[in-house]
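K.L.:
Sequences are here, hints too, so could you generate the full structure?
Top line first, the protein sequences correspond to chains A and B.
Under the working numbering, think of the first position of the first sequence as 1, with each following residue one higher.
Under the working numbering, think of the first position of the second sequence as 1, with each following residue one higher.
It is worth saying that the hints were derived from the structure and are not from the lab.
Cβ coordinates follow ideal geometry from the N, Cα and C atoms, glycine included.
Possibly wrong hints are sitting among the right ones.
To be verified - Pairwise CB distance ranges (calculated):
1. A:134 <-> B:132: 37 to 47 Å
2. A:137 <-> B:16: 48 to 58 Å
3. A:317 <-> B:251: 46 to 56 Å
4. B:256 <-> A:126: 23 to 33 Å
5. B:117 <-> A:277: 55 to 65 Å
6. B:145 <-> A:83: 43 to 53 Å
7. A:308 <-> B:235: 38 to 48 Å
8. A:302 <-> B:235: 35 to 45 Å
9. A:302 <-> B:251: 51 to 61 Å
Said to hold, decoys possible - With a straight-line Cα cutoff of 27 Å, these simulated DSSO-like cross-link-like pairs (lysine-lysine) come out:
10. B:179 <-> B:91
11. B:248 <-> A:133
12. A:179 <-> B:248
13. B:248 <-> A:62
14. A:179 <-> A:5
To be verified - Which stretches of chain A does chain B cover? Using the computed rule of at least three CB atoms under 8 Å from a CB of chain B, they are:
15. 89-101
16. 116-128
Residue-level listing of the chains:
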Amino acid sequence: MNNEKPILNVEDLTVQFCTKKGTAKVLNGLSFSLRQGEKLGLVGESGVGKSVAAWACLKIIKPPGEIVSGKIEYKGENLFEKSENELISLRGNEISLTVPRAHSQLNPLLTIGRQLMNAYIAHSDLPRREAKKQAYEASINILDKVGIPDPKNRMNAYPNELSGGMAQRVVIALALINKPTVLIADDPTGGLDVTIQAQIIELLNKMVEEMGTTALIITHHLGLVAQHCDHVAIMYAGQIVESCDTETLFASAQHPYSKSMLSSVRDTGDQWGPEFILPGRPPNPMELPGGCYLNPRCPHATELCRSKEPPYVDIGGGHIVKCHFAKEGGVEYGK
Amino acid sequence: MNLLKFIAKRVLIFIPQLFAVLLVTFLLIRLIPGSPAEAMAGSFATDEVVAAIEEKMGLDKSLTTQFVMYVEDLFHGDMGTSWYTSNPVTKDIAQRFPATLELITYSLLLAVIIGVFFGLATSFRPNSIGARLGKGYSLLAGAMPEFWIALLLIFAFYVTWDIAPAPLGRISLSISPPKTITGMYTIDALLTGNMRAFKSAASQLVLPVVTLGLCYSGPIMKMTRTIMSDVVNANYVWYARACGLPTKKVNRYVIRNGLTPVVTFIGVQYGYLFGAATLIEQIFGWGGIGQYAVSAVTNKDYAAIQGFMLVAALFCMIIYLVVDIIYYIIDPRSRA
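P.N.:
In structure tokens:
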């Protein structure tokens with residue numbers, strides 16, 4: 001294991017949404033950490049709590065969600081102990097977020113230039129006039145960098161005048177304008193055409209490399225992870241079920257859920273045949289099964305899996321699997 | 001430049017719209033059973049007398065001829081003569097339109113202030129005193145008919161405490177109205193520096209304006225609250241928070257984006273009030289255009305009805321145009 005201190009460390013994060021219909025347990029002891037300069041891919045199906053995790057890293061939980069327990073440490077300091085003002089100066093400045101479906105994420109009444117400048121000015125200590133001047137320069141600069149042609153004129157464009165790909169680029173520009181330390185890219189390819197997806201990924205990768213940003217890429221797109229991430233964490237029902245470096249995952253994933261994900265995508269290698277695909281869907285966060293959350297879908301489930309939550313086991317070289325059958329060297333199923 | 005083009009386009013559409021309103025009104029009022037000539041002549045008149053009156057009024061001609069004549073007159077600025085007041089309709093309207101305009105403008109202003117304030121309070125500070133007052137108020141507002149509120153106010157402030165003037169018109173009988181410039185007494189009085197007239201006109205306005213303001217602030221408040229609660233949770237507002245924009249700035253996003261649709265709603269209410277203030281005009285002896293229209297309809301006063309409809313239509317069109325211009329300026333999506 002790498003002993004370097006993580007720059008962002010999420011530990012045992014539990015988030016619940018209390019509604020009239022019941023309590024949805026969206027994150028259930030989510031833990032992962034990001035080291036300086038690393039690119040971590042957080043992978044899971046829709047509805048496993050990926051976006052909630054992304055927003056939680058900024059300590060923003062949309063109501064009626066609540067953080068029940070856990071902590072998030074940024075550079076060793078717990079975000080949950082910080083004041084709202086401290087958090088505001090952190091958001092978009094040190095830790096940034098990009099969001100999918102960019103059109104609805106941009107204020108429809110303001111030009112993209114105005115929105116970029118607002119984001120810049122919000123984190124500038126300079127007197128207003130100078131901050132504005134700098135913000136203008138910085139905005140044009142970042143628009144140019146994210147590949148928006150004719151940035152000077154485009155500053156005056158409104159979000160509704162942009163294509164989906166362009167809007168996504170603007171969101172990336174918004175997230176990167178203050179040169180953050182950590183970038184959280186929530187589903188950066190969501191809602192985009194395949195060709196545009198490739199462009200956006202290329203762009204994100206280029207920007208992150210150039211700026212030396214530490215990145216958390218949240219996606220269901222395994223191909224993207226294979227190409228660009230150093231580490232992968234597979235998420236299921238608000239928990240990490242397996243985490244290791246990217247090559248290890250593609251070569252020898254251990255958790256049945258990871259195997260299922262790998263085999264449901266092409267181009268992940270011949271060894272991931274359709275026999276690994278699990279039946280069923282992720283559980284409803286209001287009615288999580290007892291024991292291991294995967295047990296109703298898992299062909300290897302035993303009485304133990306139905307009654308007891310599995311531990312995290314390091315099977316060697318920092319390859320962590322959350323399964324009762326995981327032991328040093330791999331997973332061996334019993335009877 | 002684009003804005004000018006936009007306005008020009010809209011104004012051009014006014015012409016067919018007004019023409020359609022004119023035509024439909026013209027035909028519809030002639031569907032009211034009974035001839036106005038009969039009404040004028042009285043119940044004992046012989047057929048010959050009625051026919052003579054009809055001829056004088058031009059009602060013996062074909063509908064087409066009548067309509068063409070009316071439109072021709074309109075182009076010369078003549079809206080015909082009211083059979084009931086025997087004044088030219090233009091003169092009647094010029095006198096009554098400013099009265100109503102003055103009343104409903106102040107009323108709407110009051111309604112907007114109350115409605116938007118409470119609407120914002122309930123959505124931004126749901127636990128504040130303002131918000132609680134607002135919630136209680138929104139339950140009451142709309143539950144009571146406006147004429148009833150008017151009578152209550154008159155009873156309390158005029159009859160019981162005698163701090164409001166008698167509900168008899170737009171200015172105290174002992175004070176002569178200010179010189180006519182706009183026709184709106186408060187404004188004319190201010191323009192001519194006639195403070196005595198201003199005071200009287202303003203105090204006459206208080207009760208009817210409060211009545212209408214109270215009634216019409218309810219819907220504005222509910223509208224504001226609904227829209228605000230949507231906008232507070234809009235994706236772009238959350239994303240603005242994620243970008244670390246200070247709370248003040250985020251709130252400004254919410255207010256600006258949320259009030260845009262409220263502008264439309266207020267515009268619609270303004271147009272609506274134009275006719276809906278009639279009851280209040282009646283109670284306060286206002287002599288407004290709504291009263292004029294009602295008596296015109298009951299008296300089958302064709303020219304007066306047509307004149308009212310024309311003015312009402314034009315008024316609404318101008319209001320909607322202004323709303324659209326405001327929209328054009330603040331919402332880029334409307335420019336497509």
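K.L.:
State for each hint whether it applies.
P.N.:
Hints and how they fare:
1. Checked against the hint of 37 to 47 Å, the pair residue 134 (chain A) and residue 132 (chain B) passes, with Cβ atoms roughly 45 Å apart.
2. A hinted range of 48 to 58 Å holds for the C-beta pair residue 137 (chain A) and residue 16 (chain B), which are about 51 Å apart.
3. Against the hinted window of 46 to 56 Å, the Cβ-Cβ separation of residue 317 (chain A) and residue 251 (chain B) comes to about 50 Å, which satisfies the hint.
4. Between residue 256 (chain B) and residue 126 (chain A) the beta carbons are some 25 Å apart, a value that agrees with the proposed interval 23 to 33 Å.
5. Range check, residue 117 (chain B) to residue 277 (chain A): about 59 Å between beta-carbon atoms, so the 55 to 65 Å window is met.
6. Residue 145 (chain B) and residue 83 (chain A) have their C-beta atoms about 51 Å apart, which keeps the hinted 43 to 53 Å range intact.
7. For residue 308 (chain A) and residue 235 (chain B), the hinted distance range of 38 to 48 Å is satisfied, since their beta carbons lie about 40 Å from each other.
8. Between residue 302 (chain A) and residue 235 (chain B) the C-beta distance comes to about 44 Å, which sits within the given range of 35 to 45 Å.
9. Between residue 302 (chain A) and residue 251 (chain B) the CB atoms are about 55 Å apart, so this pair conforms to the stated range of 51 to 61 Å.
10. Distance check on the hinted pair: residue 179 (chain B) and residue 91 (chain B) sit about 16 Å apart at the alpha-carbon level, within 27 Å; holds.
11. A threshold of 27 Å between alpha carbons decides the hint, and for residue 248 (chain B) with residue 133 (chain A) the separation of about 21 Å falls inside it, so the pair holds.
12. Using a Cα cut-off of 27 Å, the hinted pair residue 179 (chain A) and residue 248 (chain B) holds, with the two alpha carbons roughly 23 Å apart.
13. For the hint pairing residue 248 (chain B) with residue 62 (chain A), the CA-to-CA distance comes to about 19 Å; that is within 27 Å, so the pair holds.
14. Only pairs whose Cα atoms come within 27 Å are accepted, and residue 179 (chain A) paired with residue 5 (chain A) is accepted, the gap being roughly 21 Å.
15. Figure legend: the region 89-101 of chain A, annotated as covered by chain B; annotation consistent (9 residues with Cβ-Cβ distances under 8 Å, at least 3 required).
16. With 4 residues having a beta carbon nearer than 8 Å to a beta carbon of chain B, the region 116-128 of chain A meets the requirement of three or more and the stated coverage holds.
In this structure, every one of the numbered hints holds.
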